[in-house]
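**Student:** Take a look at the letters that make up each chain.
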Amino acid sequence: MDVSEYRKEYLEKLEKEAKGRPSFRDFLDKVRSKKPGFESLAMADDNGERNDIDDAVEIIRDSSENVEIRIHALNGIVYEIAQREDLIDLMIELLRSEDEPEKLRIAAIGAMQLSEFISAIFPGKRPQYLEILRTIVDKEQSEELRQQAIGILAKSQDGYVQERLLKGLRNEAEALVPPEKAIQLLGYDIHSEYFPVLQDIVKNPPNLFAKNEAVRLLAADADSKNLLAEILQDKSEHRRVRQTSAIALQSLAPAEFERQAEQIIFDDDEYEDIRATCINVLEGSPTVSRSDRENLLTVADDSNRRRGLLEKVKELKETASSKELKKVAKRYISNHKK
Amino acid sequence: MLRGLTNKLSKPIFDKDTPEDTIAAFVDTVKQSRGSKNLLVDLLPEQNPFYKGRGTNQIIRLRGYMMAAFGQVGLPDRALPYVLDELESGNDAYLVAATAIALRGLKQPTPNVIPYLLKAVSNIRYHDDSLTFDCYKPQYPLTNSTTALTEIFRTFGWLGAYAKEALSDLHRFSDSKEYSFSAPVKAEIEKAITSIENDKRSVKPDCCSIPSYLRISRGSPKARLKNNEPFEDIEFQDDDGNVFEYGDFFNRKPSIVVFFYTRCSNPNKCSLTITKLAWLQKALKEQGLENDIKTAAITYDPGYDLAPRLKAYGQNRGILFSERNKILRTTRGFESLRDYFQLGVNFVNSIVNKHRIELYILDNNGRIAFTFARFQWDVREVIDHAKLMLRGDINKNSHRQTFNLCNRIKDFGKTSYRLTASSLIPLIVIFFPKCPICWAAYLSFFGISSLKSIPYSPWLLPVFILLMSVNLFSAFNQAKSNNRYGPFYLSFAGILITLIPGIYLDFQYASYFGLIMLFAGSLLGNLVYRKNSADVLLRTLKKRHFSFLKSWGF
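Here the protein sequences line up with chains A and B, keeping their order.
Each residue of the first sequence is one higher than the one before, counting from 1 in the numbering used here.
Each residue of the second sequence is one higher than the one before, counting from 1 in the numbering used here.
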């Protein structure tokens, strides 16, 4: 189909769909009248006339109004909020006020997140917004709001929240979130000083999830190569953690991973899901150059090694009881037959 | 830390285990004791051991708190490169705000900083934040908050008349919808505009760029040319996985080397460095120098930046890979490399936590000839300096000392000319005999009047005029380079008075007066224009007149 033809057809389709949607005025009327079904009313996309927007703002500001209605009104003008400085100020005001309902403030965060993405005005408001989020982390009663604020700040690599999360990992009494969540959030910034903490958690984990997250993040730390290799080889380790360490080691040190993975594949006492993971990860990883291998094989040895591995995988395809192992073995064989 | 009778603090001893609150407390103490501001400067180099093991955000907090303190205690000249570096390339609001405040600690405003402030506006406008320097690690909500943009525009206001050339930019920031600054920031811009427009101080235009000696240094930071080869234990792997030693690559031809790492989160640093390296490679090719000068980028992060990563990173930024153009990681000897280059980098575990921009030009023996550190380097300027290595490379066995010797002779020649033309000639002219009687006086003074000495001759007058012309020409060149024409006008007026009323109209005192003006103009022209900075003045004098002596070992 011609591109311009396709474009024309697509625009006609959009116009047709738009005609079927309620106008913003209809949306507001239904919201105001609290007719049944308003909760599932699709958001109008024409953003309405100016006085419609003002009506929606009035609803949002009205603290005596039903909170669900206020939320719907806010969500209805979320794109308009991103275009107007006074409406972004309104969202900041809602966030700042502890008297406002939690759900409404969460909706305000949603509007601000969208504005961060699409609004040309948002950069000017960013300092205020970040300050309020940090205040929420410190002082907020609502747990959900705190979690949202912590998540947003962590994603923007905020030093303040990183410090709080690290303190919480070192001392449970100061924890803002569960340890596995803290580790996950700290992982947004590899330049934070958490690697020693993660290594401690791997050795003395508060729970399995935290250990798994710590292993995952250690993929960024070149000094943890040996630790990851140990975990991968340790048959007493939880298999989920071993699988995570396989992926982490492959990312960090492909040559070392290849060596470890081949040992595991050849080990008939090894768990099938671990062998499947190793074949799978080997399959997806770029070929490690011979010069990177620590044992510096000759070309002939390298070729023999690969042939031997292929034969072993063929054997596993026939003899394995695990469907997953058979599947990955088949794929490996198919890609290495050539 | 002890306070002496001078109320000065002693140098602190911090290490990687010193709690950051302790360091912040020291900064607070320095703020109370203005005489110790230089101790803060000593804490700024990135390779300081106490930065080791700290996360990037912690380092930002510490350095920001230190830099903001300069706004209160005064900004030493040695700290200026660190401040300008952050303004030019930084992307963290806390540090940028701190450096904008630090500039207000300068003894004298200068228009030199305007390009850096404008660049900082561009860097930070989408990353601004609410912050305070009232205390370290404040509680939220802040009671007295500011933002990076606010502080930048406050500094424009502080510059006043010295920021006149930024007025059109400030008006653009204020009027254009393209810049969605908040109302408080816009108010700060308006205040700055008003302050600049109302400031009636007359500002002599200064050189528009930071002096090159702050950006480019000669030779290695460490004393070099030891007997033992410092590179023996350094081994590299290139982007294709080939392994070789330092001396196998950095030899026979000069090289341009940059440092970077793939996980750098500041696009103004490593990513831009490698992109510019690609431009530089292209420029070398256009000038037909691609076979004469090698290029290399070395990663700070060899444990993570394996060959395939280096290749992909370089390819994505247009790097040309060849036998003479490589991206490298160390497989051995990174600490030796770090030590030799005195790399401005530090680490938290294996990851870089802070680094500066650095480019080195190596001679054909792999030794550092030039260092471009901290500031964004210019492709053309780097190539020009690299070409100097080619000119110094007479034959395959050229030694750095030979090259240095040639350059020292050149430097000596240049400096001698400057000294002679600008200072000695006026002395000669002053005491030059302008009439037979003076000539006799000189001869009798020197005890040779009993000789049938050279009689006074009219041809001496053209010689006198020639000498004055040489002096005037030298004064004009100095005025042009300093962008300061006062001394030249003084010398010119002196010559006119000497020639016209003095010699032509024969007013003797006019001659003396004219010659004194000529001499004064020459003396003033030799003084580098840096107001209110006697120590910099002295340093510059030393640099101009005695640096060539130092390089010869005096």
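Each hint should be verified, as a subset may be incorrect.
Chain A is faced by these chain B residues, among others (derived, beta-carbon under 8 Å) [as the list claims (entries may be wrong)]:
| no. | residue |
| --- | --- |
| 1 | 38 |
| 2 | 57 |
| 3 | 128 |
| 4 | 140 |
| 5 | 144 |
| 6 | 180 |
| 7 | 304 |
| 8 | 348 |
| 9 | 349 |
| 10 | 350 |
| 11 | 375 |
| 12 | 387 |
Dumping the calculated DSS-like pairs for lysine-lysine here, alpha-carbon to alpha-carbon at most 25 Å [stated by the list, open to error]:
| no. | chain 1 | residue 1 | chain 2 | residue 2 |
| --- | --- | --- | --- | --- |
| 13 | B | 137 | A | 155 |
| 14 | B | 282 | B | 311 |
| 15 | A | 139 | A | 235 |
| 16 | A | 312 | A | 337 |
| 17 | A | 139 | A | 203 |
| 18 | A | 314 | A | 326 |
| 19 | B | 164 | B | 137 |
| 20 | A | 139 | B | 11 |
| 21 | B | 107 | B | 137 |
| 22 | B | 16 | A | 167 |
| 23 | B | 31 | B | 16 |
| 24 | A | 337 | A | 317 |
| 25 | B | 137 | A | 167 |
| 26 | B | 186 | B | 164 |
| 27 | B | 387 | B | 276 |
| 28 | B | 186 | A | 225 |
| 29 | B | 164 | B | 285 |
| 30 | A | 181 | B | 137 |
| 31 | B | 52 | A | 203 |
| 32 | A | 225 | B | 253 |
| 33 | A | 337 | A | 323 |
| 34 | A | 203 | B | 253 |
| 35 | B | 52 | A | 167 |
| 36 | B | 285 | B | 253 |
| 37 | B | 107 | B | 119 |
| 38 | B | 11 | A | 225 |
| 39 | B | 107 | B | 200 |
| 40 | A | 181 | A | 203 |
Just so you know, the hints here were simulated from the structure itself, not pulled from any lab data.
C-beta atoms are modelled at their ideal positions from N, C-alpha and C, and glycine is treated no differently.
**Student:** Does each hint hold? Answer for all of them.
**Tutor:** A quick look at each hint next to the structure:
1. Violation of the interface hint for residue 38 of chain B is found here, the shortest Cβ-Cβ separation to chain A being roughly 28 Å, above the 8 Å cut-off.
2. Restraint check, residue 57 of chain B versus chain A: the minimum CB separation of about 3 Å is within 8 Å; hint holds.
3. Taken as an interface hint, residue 128 of chain B checks out: its beta carbon lies about 5 Å from the nearest beta carbon of chain A, inside 8 Å.
4. Here the hint on residue 140 of chain B is kept, as its CB sits about 4 Å from the closest CB of chain A, short of 8 Å.
5. A hinted interface residue such as residue 144 of chain B counts as satisfied when its beta carbon comes closer than 8 Å to some beta carbon of chain A; here the least separation is about 12 Å, so the hint is violated.
6. With a least beta-carbon distance of about 5 Å to chain A, the hint placing residue 180 of chain B at the interface is held under the 8 Å criterion.
7. With a cut of 8 Å, the hint placing residue 304 of chain B at the interface with chain A holds, because the nearest CB-to-CB distance is about 5 Å.
8. Interface restraint check for residue 348 of chain B: the shortest CB-CB distance to chain A comes to about 5 Å, inside 8 Å, so the restraint holds.
9. Annotation: interface hint on residue 349 of chain B holds; nearest CB of chain A at approximately 4 Å, less than 8 Å.
10. Restraint check, residue 350 of chain B versus chain A: the minimum CB separation of about 4 Å is within 8 Å; hint holds.
11. This hint is violated: residue 375 of chain B has a C-beta 23 Å from the nearest C-beta of chain A, more than the 8 Å allowed.
12. A least Cβ separation of about 35 Å between residue 387 of chain B and chain A goes past the 8 Å threshold, and the interface hint is therefore violated.
13. Restraint check: the Cα-Cα separation between residue 137 of chain B and residue 155 of chain A comes to about 20 Å, which is no more than 25 Å; the hinted pair holds.
14. With a C-alpha separation of about 18 Å, the suggested pairing of residue 282 of chain B with residue 311 of chain B holds against the 25 Å cut-off.
15. With a C-alpha separation of about 45 Å, the suggested pair residue 139 of chain A and residue 235 of chain A falls outside the 25 Å cut-off, and the hint is violated.
16. Between the alpha carbons of residue 312 of chain A and residue 337 of chain A the distance comes to roughly 13 Å, so the proposed pair stays at or under 25 Å and holds.
17. Our distance criterion of 25 Å between C-alpha atoms is broken by residue 139 of chain A and residue 203 of chain A, whose separation comes to about 33 Å.
18. In summary, the hint linking residue 314 of chain A to residue 326 of chain A is supported, as the alpha carbons are separated by about 9 Å, within the 25 Å threshold.
19. Restraint check for residue 164 of chain B and residue 137 of chain B: not satisfied, since their Cα atoms lie roughly 36 Å apart, outside the 25 Å limit.
20. A hinted pair counts as satisfied when its Cα atoms are at most 25 Å apart, and residue 139 of chain A with residue 11 of chain B does not qualify at roughly 39 Å.
21. Among the hinted pairs, residue 107 of chain B with residue 137 of chain B is inconsistent with the structure: their alpha-carbon atoms are about 29 Å apart, more than 25 Å.
22. Between residue 16 of chain B and residue 167 of chain A the alpha-carbon distance is near 18 Å, which keeps this suggested pair within the 25 Å criterion.
23. Simply put, residue 31 of chain B and residue 16 of chain B have alpha-carbon atoms about 23 Å apart, close enough for the 25 Å limit, and the pair holds.
24. Annotation: proposed proximity of residue 337 of chain A to residue 317 of chain A holds, straight-line Cα distance about 14 Å (limit 25 Å).
25. Only pairs whose Cα atoms come within 25 Å are accepted, and residue 137 of chain B paired with residue 167 of chain A is accepted, the gap being roughly 14 Å.
26. As the CA atoms of residue 186 of chain B and residue 164 of chain B are separated by approximately 18 Å, the hinted pair is consistent with the 25 Å bound.
27. Proposed proximity of residue 387 of chain B and residue 276 of chain B is supported: the alpha carbons are some 18 Å apart, at most 25 Å.
28. Among the hinted pairs, residue 186 of chain B with residue 225 of chain A is inconsistent with the structure: their alpha-carbon atoms are about 51 Å apart, more than 25 Å.
29. The straight-line distance between the Cα atoms of residue 164 of chain B and residue 285 of chain B is roughly 41 Å, outside the 25 Å bound, and the hint therefore fails.
30. Under the criterion of a C-alpha separation no larger than 25 Å, the hint pairing residue 181 of chain A with residue 137 of chain B is consistent with the structure, at around 24 Å.
31. Straight-line distance between C-alpha atoms of residue 52 of chain B and residue 203 of chain A comes to about 24 Å, which keeps the hinted pair within the 25 Å bound.
32. For the proposed pair residue 225 of chain A and residue 253 of chain B, the alpha carbon gap of about 38 Å is over 25 Å, so the pair is violated.
33. This hinted pair checks out: residue 337 of chain A and residue 323 of chain A have alpha carbons roughly 21 Å apart, not beyond 25 Å.
34. The straight-line distance between the Cα atoms of residue 203 of chain A and residue 253 of chain B is roughly 51 Å, outside the 25 Å bound, and the hint therefore fails.
35. Between residue 52 of chain B and residue 167 of chain A the CA atoms are separated by roughly 19 Å; this keeps the pair inside 25 Å, and the hint holds.
36. For the hint linking residue 285 of chain B to residue 253 of chain B, the alpha-carbon distance of about 15 Å falls within 25 Å, and the restraint holds.
37. Straight-line distance between C-alpha atoms of residue 107 of chain B and residue 119 of chain B comes to about 23 Å, which keeps the hinted pair within the 25 Å bound.
38. The hinted pair formed by residue 11 of chain B and residue 225 of chain A fails the criterion: a straight-line CA distance of about 39 Å is larger than 25 Å.
39. Pair hint residue 107 of chain B plus residue 200 of chain B holds up; C-alpha atoms about 19 Å apart against a cutoff of 25 Å.
40. Distance check on the hinted pair: residue 181 of chain A and residue 203 of chain A sit about 18 Å apart at the alpha-carbon level, within 25 Å; holds.
Hint violations for this structure: numbers 1, 5, 11, 12, 15, 17, 19, 20, 21, 28, 29, 32, 34 and 38, all remaining hints satisfied.
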